[in-house]
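Quick mapping for you: the protein sequence lines, in order, are chains A and B. Here the numbering used here is used: the first residue of the first sequence is 33, the next is one more, and so on. Here the numbering used here is used: the first residue of the second sequence is 2, the next is one more, and so on.
Incorrect hints may appear among the rest.
Computed from the model, here is a short list of chain A residues facing chain B with C-beta under 7 Å [what the hints assert, rightly or not]:
1) 50
2) 54
3) 56
4) 67
5) 93
6) 96
7) 98
8) 105
9) 107
10) 109
11) 112
12) 114
13) 124
14) 128
15) 130
Subject to a maximum C-alpha distance of 30 Å in a straight line, what follows is the list of computed DSS-like cross-link-like pairs (lysine-lysine) [what the hints assert, rightly or not]:
16) B:149 <-> B:227
17) B:466 <-> B:455
18) A:49 <-> A:128
19) B:272 <-> B:11
20) B:418 <-> A:49
21) B:98 <-> A:111
22) B:483 <-> B:385
23) B:272 <-> B:13
24) A:49 <-> B:98
25) B:483 <-> B:418
26) B:488 <-> A:111
27) B:86 <-> B:98
28) B:488 <-> B:466
29) B:488 <-> B:472
30) B:415 <-> B:488
31) B:86 <-> B:11
32) B:483 <-> B:455
33) B:149 <-> A:128
34) B:98 <-> A:128
35) B:149 <-> B:86
36) B:11 <-> B:98
37) A:128 <-> B:284
38) A:49 <-> B:191
39) B:11 <-> B:227
40) B:191 <-> B:11
If you are wondering where the hints come from, they were derived from the structure by calculation, not from laboratory data. Quick caveat, the model's predicted, so the values are computed rather than measured. We put the beta carbon where it would ideally sit given N, CA and C, even for glycine.
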Amino acid sequence: MDVRMSIDASTAARVAKLARIRVEEAALPALADEFNTILGFIEQLGEVDIDGVEPMVSVTPQRLRMRADEVSDGAQADKVLSNAPDAREGFFAVPKVVE
Amino acid sequence: MLDLTHETPKPKTIAGARHDWELVIGMEVHAQVASNAKLFSGASTRFGAEPNANVSFVDAAMPGMLPVINEFCVEQAVRTGLGLKAAINLNSAFDRKNYFYPDLPQGYQISQLYHPIVGEGEVLVEMGPGVARLVRIERIHLEQDAGKSVHDMDPNMSFVDLNRTGVALMEIVSRPDIRGPEEAAAYIAKLRQILRYLGTCDGNMQNGNLRADVNVSICRPGAYEKYQETQDFSHLGTRCEIKNMNSMRFIQQAIEVEARRQIAIVEAGGKVDQETRLYDPDKGETRSMRSKEEAHDYRYFPDPDLLPLEIEQAWVDAIADALPELPDARKARYMADFGLTDYDATVLTAEKENAAFFEAVAEGRDGKMAANWILNELFGRLKKDDSDISQSPLTPAQLGGLIDLIAAGDISGKIAKDVFAILYDEGGDAAQIVEARGLRQVTDTGAIEAEVDKVIAANPAQVEKARANPKLAGWFVGQVMKATGGKANPAAVNQLVSAKLGL
C-alpha cells in the first residue's frame with residue numbers, strides 16, 4: 033500500500049477539526065504531506081514479522097497499581113478554578129454550549 | 002431448586018398504516034459504582050456537594066496528573082458480572098474515547114472498548130407469572146462519567162461542575178433482545194434489583210446513578226426470528242439511539258414514540274437514518290442531536306497512562322463465593338420453602354430491604370402468615386402514609402410478636418388488626434399491649450356460653466327466624482362477639498351458637 037497517498041487535504045481538515053486546531057485552507061496540503069511522511073515512517077514497522085508476538089504494553093516490568101477506595105483528594109474548588117479564564121459561583125463559566 | 006422455566010412473552014406489535022410492525026430494543030445502561038472515591042482519583046463521589054468541591058487535579062486534567070485505578074470499583078464490576086452470570090475477563094484494558102466538551106476536561110473519556118472486564122451474561126426479565134424474557138448481556142465495561150453542564154443560569158454562558166467527572170460507571174450493554182416498551186422498563190427494573198442486591202450500584206435513577214441509552218429499531222413480524230437464527234443484523238431495521246434516560250416512564254414513552262416515527266418514515270417509502278436522538282417528554286417526541294454527529298469519530302486508542310488490568314482467578318473466585326443470594330434464587334426459595342405465591346414472592350423480593358424484613362419476621366414462624374401481614378397490613382399502611390419499609394415504625398420483632406399471639410390463639414385476627422394499629426402508631430410490645438388492655442381472646446367455653454345464653458334469651462324472635470333459616474345464626478355470633486368486645490374465640494362462638502339453637 034502506498035501510504036503517501038492515504039491522507040489528502042480534506043482528511044487533514046477533518047483531523048484538524050476533530051482536534052479543535054484551526055488550520056488555514058492554504059496550509060492543509062502541507063499538513064497532509066506531513067501526515068503522510070509520519071505515516072510512511074511508521075509504516076516501516078510493518079516490515080517486522082510479529083507473528084505470535086504478544087503486544088508490548090509497557091517497557092517496564094510493572095503491573096497496574098491499584099489504590100484503596102478512600103477519599104483522599106478534593107475540597108479545593110478555588111485551586112481547581114484558579115486557571116480558568118472565567119469562573120462564577122464555584123462553576124467554570126464557558127460560552128453557551130447548548131443548542 | 003431453581004425453577005426458571007418460563008414462556009417467552011409476545012413481542013409488542015404496533016399497527017402501521019399499511020401493516021403491523023414489531024420493535025427491537027437493545028440497551029446500554031450506565032450504572033454508577035457505589036464507591037466512596039472516583040475511578041482514577043481520590044476525590045469523593047458524594048452527591049449534592051458544592052460545585053467543583055469533589056475534584057482532584059486528575060479529574061480536572063491538570064498537566065502531569067496520572068490516573069490510579071480504584072480497586073473497589075474493579076471489584077464491583079466483577080461482582081456485577083458474576084451476578085449477571087457473565088464471563089469475567091482476567092485481562093482487560095483501558096482506551097481513550099476522544100471528544101471535546103466543556104464537562105470533559107481531559108478531552109477524552111477513559112473507557113474499555115477493545116477489552117472489557119466483563120463478557121457475555123444474561124438477565125431473566127419476568128413479565129408475569131411464568132412469563133419471562135431472557136435478555137443476553139453482551140459486555141460490561143468500566144468507564145469514567147463526565148461532568149455536569151448547567152445551561153439555565155445565564156443567557157450567554159454554560160456553567161460547568163466537575164464533581165461527577167471521573168466517577169466510575171459500569172456500562173452494561175445488552176443484545177437487541179428486548180421486544181417492547183414494557184419489557185424495556187422491566188429489564189431496567191430487574192437490572193436495578195440485581196445491582197441493589199449485589200450492592201454494586203445504589204440504583205438511584207433520580208440522581209442519575211442509573212441511566213440508559215436505548216437503541217430502537219422496527220421490523221416486520223418474522224424478521225426478528227431470522228435475526229435470532231443467524232445473528233445477522235441485516236434482518237433488522239436501522240436503529241436510532243435515544244440518549245441518557247433516567248426514568249422508566251420516559252423510557253417507555255420514548256420507545257413507543259420513536260417506533261411510531263420510524264414506522265411513519267418507512268411506510269412513506271423513506272429510510273431511517275442511524276443517529277443519536279433525545280427524548281423531549283414535554284413535547285412527546287424524539288429529536289436528532291445533529292450537532293454532535295461530527296464528533297462521532299472517537300479515535301479510540303489504548304490509554305498509555307494505564308497498564309492492562311490483570312486480575313487473578315482466585316480473587317474472582319473469592320468474590321463469587323461472597324455473592325449474596327440474588328432475586329431469582331430468593332424468589333424461588335420463598336415459593337418453595339414458605340409456599341408463597343409467585344406474586345407475593347415477587348413483591349417481597351423486589352427490594353432487598355423488603356426481603357430482609359420478611360425473613361426476620363418469618364424466622365421460626367409461619368412464612369405465609371408473615372407474608373400476609375407484611376403485604377396486606379404493613380405495606381398497606383406504609384403506602385397510605387406515603388412511606389416505605391426503611392421508615393417502618395414497626396420492627397420485624399414487633400410484628401413477629403403479634404403473629405406469635407395469633408398463632409398461639411391468644412388473640413383473634415380481628416383483635417390482631419387493632420393491636421397492629423396500636424403497634425404502628427404508638428409502638429410497644431404486642432403481648433404487653435394485649436395484657437394491659439385486656440384483649441386476650443376468651444377461650445373459656447363457660448364464659449362464652451354464658452354470653453350466648455344471654456343473647457338467645459333476650460331475642461326470642463330472632464331465635465325463631467334463625468331456626469327457620471340457619472343462615473341467620475351469624476347474627477347471634479355477631480352479637481356475642483360484640484358483647485365480648487371481640488375477644489371471644491370466633492370458632493368457639495360459632496359452635497356454641499349452632500348447638501344452642503339446635504341447628
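Evaluated hints:
1. The beta carbon of residue 50 of chain A comes within 6 Å of a beta carbon in chain B, closer than 7 Å, and the hint placing it at the interface holds.
2. For residue 54 of chain A, the interface hint is violated, since its Cβ never comes within 7 Å of a Cβ in chain B; the closest pair sits about 13 Å apart.
3. Because the closest C-beta pair between residue 56 of chain A and chain B is about 20 Å apart, greater than 7 Å, the hint is violated.
4. Hint status for residue 67 of chain A: violated, given a least beta-carbon distance of 14 Å to chain B, over 7 Å.
5. For the restraint placing residue 93 of chain A at the interface with chain B, the shortest Cβ-Cβ distance is roughly 11 Å, beyond the 7 Å limit, so the hint is violated.
6. Hint status for residue 96 of chain A relative to chain B: holds, with the closest Cβ pair at about 4 Å, below 7 Å.
7. The beta carbon of residue 98 of chain A comes within 4 Å of a beta carbon in chain B, closer than 7 Å, and the hint placing it at the interface holds.
8. Contact between residue 105 of chain A and chain B, as hinted, is supported at the beta carbon level, the nearest pair being about 4 Å apart and thus within 7 Å.
9. Interface hint status for residue 107 of chain A: upheld, as the beta-carbon distance to the closest one in chain B is roughly 6 Å, under 7 Å.
10. The interface hint given for residue 109 of chain A is met, as the beta carbon of that residue sits about 4 Å from the closest beta carbon of chain B, less than 7 Å.
11. Evaluation of the residue 112 of chain A hint against chain B yields a held restraint, the C-beta minimum of about 5 Å falling below 7 Å.
12. Nearest Cβ of chain B to the Cβ of residue 114 of chain A: about 10 Å, over the 7 Å cut. The hint is violated.
13. Taking 7 Å as the C-beta contact cut-off toward chain B, the hint placing residue 124 of chain A at the interface holds, the least distance being around 4 Å.
14. Annotation: residue 128 of chain A was flagged as interfacial toward chain B, and the flag holds, the nearest CB pair being 5 Å apart, inside 7 Å.
15. For residue 130 of chain A, the suggested interface contact is upheld, since its CB lies about 4 Å from the closest CB of chain B, less than 7 Å.
16. Note on residue 149 of chain B and residue 227 of chain B: the hinted pairing is violated, with a Cα-Cα distance of about 42 Å set against a maximum of 30 Å.
17. Of the pairs offered as hints, the one joining residue 466 of chain B and residue 455 of chain B holds, with about 17 Å between alpha carbons and a cut-off of 30 Å not exceeded.
18. About 19 Å separates the Cα atoms of residue 49 of chain A and residue 128 of chain A, which keeps this hinted pair within 30 Å; it holds.
19. Distance hint between residue 272 of chain B and residue 11 of chain B is fulfilled; the C-alpha atoms sit about 27 Å from each other, no more than 30 Å.
20. Note on residue 418 of chain B and residue 49 of chain A: the hinted pairing is violated, with a Cα-Cα distance of about 72 Å set against a maximum of 30 Å.
21. Among the hinted pairs, residue 98 of chain B with residue 111 of chain A is consistent with the structure: their alpha-carbon atoms are about 27 Å apart, no more than 30 Å.
22. Restraint check: the Cα-Cα separation between residue 483 of chain B and residue 385 of chain B comes to about 28 Å, which is no more than 30 Å; the hinted pair holds.
23. In summary, the hint linking residue 272 of chain B to residue 13 of chain B is supported, as the alpha carbons are separated by about 22 Å, within the 30 Å threshold.
24. Among the hinted pairs, residue 49 of chain A with residue 98 of chain B is consistent with the structure: their alpha-carbon atoms are about 16 Å apart, no more than 30 Å.
25. The straight-line distance between the Cα atoms of residue 483 of chain B and residue 418 of chain B is roughly 16 Å, inside the 30 Å bound, and the hint therefore holds.
26. Restraint check for residue 488 of chain B and residue 111 of chain A: not satisfied, since their Cα atoms lie roughly 72 Å apart, outside the 30 Å limit.
27. Between residue 86 of chain B and residue 98 of chain B the CA atoms are separated by roughly 28 Å; this keeps the pair inside 30 Å, and the hint holds.
28. Between residue 488 of chain B and residue 466 of chain B the CA atoms are separated by roughly 26 Å; this keeps the pair inside 30 Å, and the hint holds.
29. For the given pair, residue 488 of chain B sits about 23 Å from residue 472 of chain B by alpha-carbon distance, which is consistent with the 30 Å threshold.
30. A threshold of 30 Å between alpha carbons decides the hint, and for residue 415 of chain B with residue 488 of chain B the separation of about 9 Å falls inside it, so the pair holds.
31. Taking the CA atoms of residue 86 of chain B and residue 11 of chain B, the gap is near 25 Å; set against the 30 Å cutoff, the hint holds.
32. For the hint pairing residue 483 of chain B with residue 455 of chain B, the CA-to-CA distance comes to about 13 Å; that is within 30 Å, so the pair holds.
33. The straight-line distance between the Cα atoms of residue 149 of chain B and residue 128 of chain A is roughly 13 Å, inside the 30 Å bound, and the hint therefore holds.
34. Note on residue 98 of chain B and residue 128 of chain A: the hinted pairing holds, with a Cα-Cα distance of about 23 Å set against a maximum of 30 Å.
35. Of the pairs offered as hints, the one joining residue 149 of chain B and residue 86 of chain B is violated, with about 33 Å between alpha carbons and a cut-off of 30 Å exceeded.
36. About 38 Å separates the Cα atoms of residue 11 of chain B and residue 98 of chain B, which puts this hinted pair outside 30 Å; it is violated.
37. Straight-line distance between C-alpha atoms of residue 128 of chain A and residue 284 of chain B comes to about 23 Å, which keeps the hinted pair within the 30 Å bound.
38. Among the hinted pairs, residue 49 of chain A with residue 191 of chain B is inconsistent with the structure: their alpha-carbon atoms are about 42 Å apart, more than 30 Å.
39. Only pairs whose Cα atoms come within 30 Å are accepted, and residue 11 of chain B paired with residue 227 of chain B is accepted, the gap being roughly 16 Å.
40. This hinted pair checks out: residue 191 of chain B and residue 11 of chain B have alpha carbons roughly 19 Å apart, not beyond 30 Å.
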